[in-house]
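Chains as they are written, first to last, in the numbering used here: chain C, 1 to 383; chain B, 1 to 208.
Source of the hints: derived by calculation from the structure; they are not laboratory data. Just so you know, these numbers come straight off a predicted model, no measurement behind them. Don't be surprised by glycine CBs; every beta carbon is placed ideally from N, CA and C. It is possible that some hints are incorrect.
[Stated by the list, open to error] Listed next, the stretches of chain B that the computed footprint assigns to chain C, with coverage defined by at least 3 CB atoms under 8 Å from CB atoms of chain C:
#1 2 to 11
#2 17 to 26
#3 29 to 42
#4 67 to 74
#5 178 to 186
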Amino acid sequence: MHCLDVREQLSAYIDGMLDSSLVPALEEHLASCRECSAELAELKAAVEMVRQLPEVVPPPEFRDNLRRQLLTVQAAGGEGGRTGLLRRLTRGKWSGVLAVAALAFLTIGITTLWYAGHGGGLIESVSREKAAQESSLPADRAKHRVATGSAAVEHPPAGAAEGSAEGLTPAQQPAPEGEQPAPTAETGGVRGGAAVPETVERQLTVQYFDMQEKQPDGQPPGDEESFSISALPRSAPEAGPTTIVAVECTVELTANRADFAGPLAALAEKYDGLVEKQPAEPDGPWILRVPAARVDPFVDELGQLGRVVNRNVQQRDLAEDIKRLREEISELQEQERLLTAEDGAPGEEDELAALRKKITERQKKLVNLEETARLATIKLMIK
Amino acid sequence: MRLSDEALVQKSKEGDLQAFDELVRRYEGKIYSIAFRFMGNHADAGDLAQETFIRLYQSLASFRGDSAFSTWLYRIAANACRDELRKRQRRCVVSIEDMSVVSPGSVPVAGGVDYSPEEAVQRREVQQQIQACLNELSPDHRLILILREILGMSYEEIAASLNCSLGTVKSRISRARYNLKEKIKTKEELLSEDRRLLGKGGERNALS
Numbered sequence: 001m002h003c004l005d006v007r008e009q010l011s012a013y014i015d016g017m018l019d020s021s022l023v024p025a026l027e028e029h030l031a032s033c034r035e036c037s038a039e040l041a042e043l044k045a046a047v048e049m050v051r052q053l054p055e056v057v058p059p060p061e062f063r064d065n066l067r068r069q070l071l072t073v074q075a076a077g078g079e080g081g082r083t084g085l086l087r088r089l090t091r092g093k094w095s096g097v098l099a100v101a102a103l104a105f106l107t108i109g110i111t112t113l114w115y116a117g118h119g120g121g122l123i124e125s126v127s128r129e130k131a132a133q134e135s136s137l138p139a140d141r142a143k144h145r146v147a148t149g150s151a152a153v154e155h156p157p158a159g160a161a162e163g164s165a166e167g168l169t170p171a172q173q174p175a176p177e178g179e180q181p182a183p184t185a186e187t188g189g190v191r192g193g194a195a196v197p198e199t200v201e202r203q204l205t206v207q208y209f210d211m212q213e214k215q216p217d218g219q220p221p222g223d224e225e226s227f228s229i230s231a232l233p234r235s236a237p238e239a240g241p242t243t244i245v246a247v248e249c250t251v252e253l254t255a256n257r258a259d260f261a262g263p264l265a266a267l268a269e270k271y272d273g274l275v276e277k278q279p280a281e282p283d284g285p286w287i288l289r290v291p292a293a294r295v296d297p298f299v300d301e302l303g304q305l306g307r308v309v310n311r312n313v314q315q316r317d318l319a320e321d322i323k324r325l326r327e328e329i330s331e332l333q334e335q336e337r338l339l340t341a342e343d344g345a346p347g348e349e350d351e352l353a354a355l356r357k358k359i360t361e362r363q364k365k366l367v368n369l370e371e372t373a374r375l376a377t378i379k380l381m382i383k
Numbered sequence: 001m002r003l004s005d006e007a008l009v010q011k012s013k014e015g016d017l018q019a020f021d022e023l024v025r026r027y028e029g030k031i032y033s034i035a036f037r038f039m040g041n042h043a044d045a046g047d048l049a050q051e052t053f054i055r056l057y058q059s060l061a062s063f064r065g066d067s068a069f070s071t072w073l074y075r076i077a078a079n080a081c082r083d084e085l086r087k088r089q090r091r092c093v094v095s096i097e098d099m100s101v102v103s104p105g106s107v108p109v110a111g112g113v114d115y116s117p118e119e120a121v122q123r124r125e126v127q128q129q130i131q132a133c134l135n136e137l138s139p140d141h142r143l144i145l146i147l148r149e150i151l152g153m154s155y156e157e158i159a160a161s162l163n164c165s166l167g168t169v170k171s172r173i174s175r176a177r178y179n180l181k182e183k184i185k186t187k188e189e190l191l192s193e194d195r196r197l198l199g200k201g202g203e204r205n206a207l208s
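All chains, please: the whole structure from these sequences, using the hints.
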């Protein structure tokens, strides 16, 4: 065992996070190598010093200041929009407004953003849900699904990805034949939903798989993910190219019920999502947010509120936007670096401040996109 | 009866400011510590800790319970740290000289262990030097060390918190520790030299 390899393993070894198969060789080396065991001792000492840093007590006025600031934020309203809305929701002001129609059309638009590296979760949750239904699928489709299902670990061969291209316009796709048992697993949150055509639900599932396959091959998801810190420039070299796809899915649903506010709120809550915006008028759009990984089962269950009569899926690639944003930031930061390197030029402070403001703005945009990638936006229309 | 964090979040979502206040009470020590260890001074730490709690308040509605509340909160803190640092890059590079301006009594710390005055001074000195070393690390490294060593988060928690793979966490922690170790060594040498020049003697070399 080389000293260089040993040094790389010491940190994990200290935490007991080293693969147990590597431990005996490491310990053997440490017993015989003075330099490496000294290195371990130094590393441990450094770690211990940081661990023993005491907790720092906030100044006494801290909480009062915070309380004042919170009141300001709350008064401003707009910034705490989601919270405010949620509160209105729980007070139930909306349920009355919406308990009018006996038959309604629902248009559901789903915008999903996710990273290549995050897709695994999506697939996992879906494939678990659908595992029981696999046998009822036409052979090629089922194979397809298996191939993509494994993409969480390993990307499917290029052939499978090409083959799926037709799946991108599922509206024209013939409904797969075969029988499918009605889903029973996730019905707890909604009562009394009418039967849903299972084919639509299945097509949606296929749709998500197809999205997944559009990613570049041969990149293990874990490596594709960028550290949220280094995802921002300055240490950007570690953040590889990221694939971000926005999917917009419009579904029309005929429903046999009047009050959507309650069931939708309950449903969103059940999937750890929320109702972000209620329609301002009876025909207006609903905005729901659901974790990207749980969109599929969410839609499944949403379908039980009524009958899906139409839907439309579109996708947009956001990678270009992200890339441009990143490039702009690193350019600006380079300027900033040059500016800070040479001290004392007149007017430098102002220029620097303006520069930093620009950087912050772009970083916020980037962070927003990254945050949104985790939480899908679902748009609903009631007609 | 002590409510769970999650129950307090729920109440806060419904507009119960007292519930939110309780959350602040529970976590202000941790959050302020993160902020102080990250920023290196109280003025900035106060702002940053406030910012963290404001962000928490504003994003309560999106707390989905996928992870523990604390993990989620630390993640907000981590993001706040990162954003703040971009704005204040310059002021954050704290040299030994800057640190020595800070009087030993200016860092109020928690915990009731009694030390002799001599020991207490010595400990504070070490702590200040460690903080100075942390300040010299890259933000990524400083942050991951704060999460790992100060908050005691597991590798898995850090991965979830920073949204990166376990492998990234492993290698980053390793690199951060090596960098820190080197900084401490350098400082140690500088210090013992200072002491020799000042005639304070080498036996108080606190970092050894």
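Hints, one by one, checked against the model:
1. 2 to 11: That given contact is violated, which follows from only 0 residues of the stretch 2 to 11 of chain B lying within Cβ reach (below 8 Å) of chain C.
2. 17 to 26: It holds: at least three residues are needed, and the stretch 17 to 26 of chain B offers 5 whose Cβ sits within less than 8 Å of chain C.
3. 29 to 42: It holds, with 7 qualifying residues against the three required.
4. 67 to 74: Coverage by chain C is violated here, the residue count being 0 at a Cβ distance below 8 Å.
5. 178 to 186: holds (count 5)
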